[in-house]
Amino acid sequence: MTTPLLSLQGLTKAYPGVVANDAVSFDIQEGEVHALLGENGAGKSTLVKMIYGLVKPDSGTMLWRGTEFAPSEPRQARATGVAMVFQHFSLFDALDVAENVALGMENPPPMRDLAQRIRDVSETYGLPLDPGRTVGDLSAGERQRVEIIRCLLQDPKLLIMDEPTSVLTPQEVEILFQTLRKLKSEGTSILYISHKLEEIRALCDHATILRLGKNVGSCTPATTSARDMAEMMVGSTLQTPTRSAAPDGSTLLKVTNLSAQSGKAFGTALKEISFAVKSGEILGLGGVAGNGQDELLAALSGELLTNADTIQIRGEAVGNLGPSQRRGIGVLAAPEERLGHAAAPNMSLIENALLTGAIRQGLTRNGFVNWRTTKAFAEDIITQFDVRTPGSDRAARALSGGNLQKFVIGREVLQAPDVLVVNQPTWGVDAAAAAAIRQSLMNLAAKGAAIVVISQDLDELMEISDRFGALNEGRLSAIRPTTGLTIEDIGLMMGGAHDMEAPGPVAEEATA
Amino acid sequence: MIRLEKRPQPSRAWSLLTPLVAVIITMFAGGLLFAALGKNPFEAIRVIFYDPLFGEFAFYYRPQLLVKGGPLILIAIGLSLGFRAGIWNIGAEGQYIMGAICGAGAGLAFYPTESVLIFPLMVIAGALGGWAWAMIPAVLKVKFGTNEILVSLMLVYVAEQMLASMSLGLLKNPEGFGFPGSRNLQGYESAFNSELIAGTGMHWGVVAAFIAVILSYVLLNKHILGYNIRLTGEAPRAARFGGVNPTRLILFCLGISGMLAGLAGLFEVSGPAGQISIDFNVGYGFTAIIVAFLGRLHPVGILLAGLLMALTYIGGEIAQGTLSLPAAAIQVFQGMLLFFLLALDVLTNFRIRLAAKGAAA
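Residue numbers (this note's numbering), protein chains in the order written: chain W, 1 to 512; chain Y, 1 to 361.
Keep in mind the hints are simulated off the structure, nothing from the lab.
Here the structure is a predicted model, which is why all the values come from computation and not from measurement.
Each residue gets a CB set at the ideal place from its N, CA and C atoms; glycine is no exception.
Incorrect hints may appear among the rest.
Heads up, incomplete: computed chain W residues facing chain Y, CB under 8 Å, no partners named [what the hints assert, rightly or not]:
hint, residue
1, Lys196
2, Ala317
3, Asn320
4, Leu321
5, Gly322
6, Met347
7, Gly362
8, Gly367
9, Gly391
Only part of the chain W face toward chain Y is listed, based on derived beta-carbon distances under 10 Å [to be verified]:
hint, residue
10, Val19
11, Pro110
12, Ala395
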């Protein structure tokens, strides 16, 4: 066997109270796409941070083509040939593509040369991108291309991609896969982190599975079923979410001609959105990020006030009521951004339980907080939603993304809402936790709640929603029953093709 | 190489320890400053920190600790509520002046009638004066989105002109032989905020400060309003999501800080100062900002910080007298305290890593 490109040998990294990586060893061969699979908190991020020089291992070694490799900082890792596309983009909205790329380079060439090189790379790899456009106006898929091109300009030998498809439309995923396959054919190795098992099966040559910081096995994804991989990852049999009854309840939430300006710069205004959700029903709203999802959630949660009549709960006009009043009548929401929006990063989980639970859980009396019941509520969320944390007194920011997500969703679900609006409920959450979250949403619907799930994960929406619609530039497509929808139909809906319009040219625009 | 590594959890130990370390570093840097001015640094530090408490004339200086600490604590408690929520009232000095003018004015209006109702009335007038002055930046911010830092600060200078006008005009003592300044309230029994326990410096303003400390502690730790204040400061978007009304919070925080500053002004003018005069204000409103941060915006911390700051005031005055240190040097010394505190603040959320070769371990 030839010398692997990168060989990890017994990498161990412990943080106070938790061993993030426990003697992890595996090899990445030249020119292979290697998948790294694992639940939240399994140590995937820590592992790639060690490879990228952001974290130093406590023990263990890495060999790069047979010689020792111990990057002390990302710059050194980049010089060796490691590049990384992070899950969270680090781009400046107000700058253009070329300027953003230049900011990430050690020695950026003059702007004009750089623009030309960006054009060259984007053509070679089939990643259409205009270097002169302002990043704030780009879609999530295009932003990711900026990050990828920034990496490709360094001519990497190993490209690390952390959950790259979570923000892409199916068409954009296909473009990305073509790019990655082309890179692979040119000899670049790719370390691909994802929890979408079908993608891994379609793309990756080998998979290494981490569980609780340990390497628990490897497999060839093409010949292993997604279910088997998921079970290796979780270490137990996976429950597929199940629905019980079909909805036939009365209309709980009705939105009529909702138009609203976004409160923030580079936001998307909502334009004439109308839909209704019945008791027991789950409405799935897809669409590429930045097409009005945040604004729609804000309008439904009461953060963005509108005319009273545009939003009705059980026929009662509530568009002008704030978040607290809406909670009072049973409308709850869980925003996408966990830190800073759904939860206060520096506050404890107990204090964060109070954030939305104060009214419905009766956590205050005459304005005085009953910290004991608040703590009990927080601990209830932690146990029922399997939030992994040393205690309820921990700051929200100390939790991993997936664990905090479980906490945020659990906090709303446990308050037994009549109407629940969630944005990206399983974003960055591992398969087992995602299944648990979806199951809890379905159970809630089965008990008669009306649920709106805004998500960019189409598989998720297909799995749990009864009807589907897509947001595009602040408008909502026609809403159609989920059964019988094909991926192509959905792609067209997301691209903004409405029933009355000719689908052809719009579809091209969607993939451009 | 030195690098900072973010702590997963803010360090409780450091958040308690930094004020102490800041005081020690200030003593050291201040010592260098005094040495550069040609004074013996050890003697200067002793005069500032030791003599007021245990020196020869400590019996005179000790009561001053409460007299000077009281208004600082009272104002700083009010400011800390706003600061916690990210609402920056920098104009407490102006609200302090307006509280004093309104309170003294209310009392003097009844001169020479004696009644037990006069002093409570003055307290209310003082509180309202400070509150109203703080409502100006509050309403402008809410209605037009102006910056409360600038507006509240500018209003300090307006209030100072108002003070001058009052001492020369409306409130001037008619029996004062033409000297500027109002009647001395120390000579008007119903309006005099006298020492409650002789020889301690304890007056109603100090009592009010202690009550403010307790109420603020309860508010921040037990009440949903205090929670909303902390939440807004920590994560404004989460606060809006949680249902906090930012407008109401701005009005509340600026209002309460103005009210407490106004009260401090009233207690000062009716007690230790005695009269409205052109140089009535001595910077308590600004020093209280330092006190609030030195006390980590925590009520108990502010209590201790207020006393420490009062100590440097008293010690500074002694040093000016006995060592002929310039007043500016004392102000620089107090400024250093805030500077080092803010600089050390970073240790609460970050840990310092000394890395030779290789990166963060």
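Each hint, compared with the structure:
{"no.": "1", "hint": "Lys196", "result": "violated (28 Å)"}
{"no.": "2", "hint": "Ala317", "result": "violated (19 Å)"}
{"no.": "3", "hint": "Asn320", "result": "violated (13 Å)"}
{"no.": "4", "hint": "Leu321", "result": "violated (10 Å)"}
{"no.": "5", "hint": "Gly322", "result": "holds (6 Å)"}
{"no.": "6", "hint": "Met347", "result": "holds (6 Å)"}
{"no.": "7", "hint": "Gly362", "result": "violated (12 Å)"}
{"no.": "8", "hint": "Gly367", "result": "holds (5 Å)"}
{"no.": "9", "hint": "Gly391", "result": "violated (11 Å)"}
{"no.": "10", "hint": "Val19", "result": "violated (15 Å)"}
{"no.": "11", "hint": "Pro110", "result": "violated (32 Å)"}
{"no.": "12", "hint": "Ala395", "result": "holds (5 Å)"}
Of the numbered hints given earlier, the model fails hints 1, 2, 3, 4, 7, 9, 10, 11; all others are met.
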